[in-house]
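Novice: Just so you know, we're using numbering that gives the first Met the number 0 here: the sequence shown kicks off at 0 and counts up by one.
Be aware that a few hints might be false.
Claimed, not checked - What follows is a set of in silico ranges between Cβ atoms, one per label pair, in the way DEER data are often shown:
1. 156 with 74: 28 to 38 Å
2. 81 with 267: 22 to 32 Å
3. 267 with 216: 23 to 33 Å
4. 266 with 64: 15 to 25 Å
5. 9 with 57: 35 to 45 Å
6. 113 with 180: 18 to 28 Å
7. 123 with 9: 37 to 47 Å
8. 241 with 115: 30 to 40 Å
9. 115 with 64: 20 to 30 Å
10. 74 with 234: 47 to 57 Å
Said to hold, decoys possible - Straight line, CA to CA, 25 Å or less: simulated SDA-like cross-link-like pairs of lysine to any residue:
11. 292 with 101
12. 236 with 153
13. 236 with 291
14. 236 with 247
15. 292 with 170
16. 292 with 159
17. 292 with 164
18. 292 with 151
19. 292 with 175
Simulated from the structure, these hints should not be mistaken for lab results.
Even glycine gets a Cβ: it sits at the ideal position worked out from N, Cα and C.
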Amino acid sequence: MNRFIAWLPQRVDRRIRIFAWLSFVAQTTIIATGGAVRLTGSGLGCPTWPTCTPGSLVPTEELSYHSLIEFGNRLMTGVVGIVALILFILVWRIRAERRDLFTLSFIVGAGIVAQALVGGITVWTGLNPFIVGFHYVTSLALVCVAAAFLVRMDAVPGPRERAVPGWYLGLAHATSAVMAVSIVFGVLTTGAGPHSGDAEAGRNGFNAELLEHVHAWPGYALFALTVALVIGAWSQKLPTLRWTLVLLAVELVQIGVGLYQARNGLPPLAVGIHMVLAALSAAAMTVVILHLKRPVATDAEATASPVAASAR
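From just these sequences and the hints, can you work out the full model?
Specialist: Written out as structure tokens, the structure is:
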């Protein structure tokens with residue numbers, strides 16, 4: 000045991016970096032595999048949980064390809080969990096000086112366990128559209144936490160201060176709030192549409208055609224606010240510029256995919272891409288928010304920086 004503890008990293012090293020990126024990729028991938036389950040009508044391919052059938056943990060010969068798709072998604076949960084566990088172990092030795100990384104890795108691990116339970120409830124309720132939507136939103140939240148870990152692992156630990164003007168801070172948080180609204184309406188729109196996850200699963204009862212238009216409104220508002228973030232970051236030479244550009248690029252693709260799917264009868268592949276892009280947009284927004292602050296500057300640095308000086 001002592002040898003193993005001695006092997007654990009004493010700082011953020013290559014091992015932590017690799018598994019942090021693997022965690023982010025895995026969290027994003029499981030949104031894609033979960034989307035595949037829903038969009039192929041495989042949500043009840045394994046009609047029970049935690050086993051696939053009442054008498055078997057794995058799909059049996061009598062079951063269809065839907066069972067393999069659903070079971071594959073369950074296996075992906077195991078992969079995500081293993082990666083999260085390894086990352087949690089790797090940061091264990093530095094938990095005192097890097098409490099931020101330890102906390103984030105714990106949240107990811109606990110979130111995966113909670114997600115597995117929500118997945119079980121989803122099956123038990125016959126793919127209740129509201130629970131399915133909650134299942135997606137929590138997956139998206141875990142992508143954001145994994146993205147936060149990537150940012151924080153390269154950040155200087157310790158107190159932080161505002162790195163942007165007050166108006167920009169408010170604009171960024173308003174943008175994130177509008178994004179949250181857009182995601183919620185997107186979930187409700189999908190829950191009202193044709194992709195229920197199973198032919199027998201119910202829908203949420205809302206008017207899908209109306210929700211498509213309502214969902215577009217916060218989407219366009221989000222795009223306009225993001226453009227404002229880019230212009231503000233560029234004009235003020237703020238540290239958020241690179242990531243607001245990334246966010247804007249993802250949103251442009253997201254809007255294009257959204258328009259395509261709305262005008263072409265919601266093809267499953269386009270809907271799946273739209274789901275993954277929403278997660279990447281939320282991750283990019285998370286990174287932008289985290290760049291609104293920086294390590295507390297020294298007195299000399301504060302004097303040289305109007306933003307740092309005004310924040311004190």
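Novice: Now tell me, hint by hint, if it's right for this structure.
Specialist: Evaluation of the provided hints:
no.	hint	result
1	156 with 74: 28 to 38 Å	holds (36 Å)
2	81 with 267: 22 to 32 Å	holds (29 Å)
3	267 with 216: 23 to 33 Å	holds (25 Å)
4	266 with 64: 15 to 25 Å	holds (19 Å)
5	9 with 57: 35 to 45 Å	holds (41 Å)
6	113 with 180: 18 to 28 Å	holds (24 Å)
7	123 with 9: 37 to 47 Å	holds (45 Å)
8	241 with 115: 30 to 40 Å	holds (35 Å)
9	115 with 64: 20 to 30 Å	holds (23 Å)
10	74 with 234: 47 to 57 Å	holds (49 Å)
11	292 with 101	holds (20 Å)
12	236 with 153	holds (21 Å)
13	236 with 291	holds (13 Å)
14	236 with 247	holds (17 Å)
15	292 with 170	holds (14 Å)
16	292 with 159	holds (6 Å)
17	292 with 164	holds (11 Å)
18	292 with 151	holds (11 Å)
19	292 with 175	holds (16 Å)
Comparing the model with each earlier hint shows no violations; every hint is respected.
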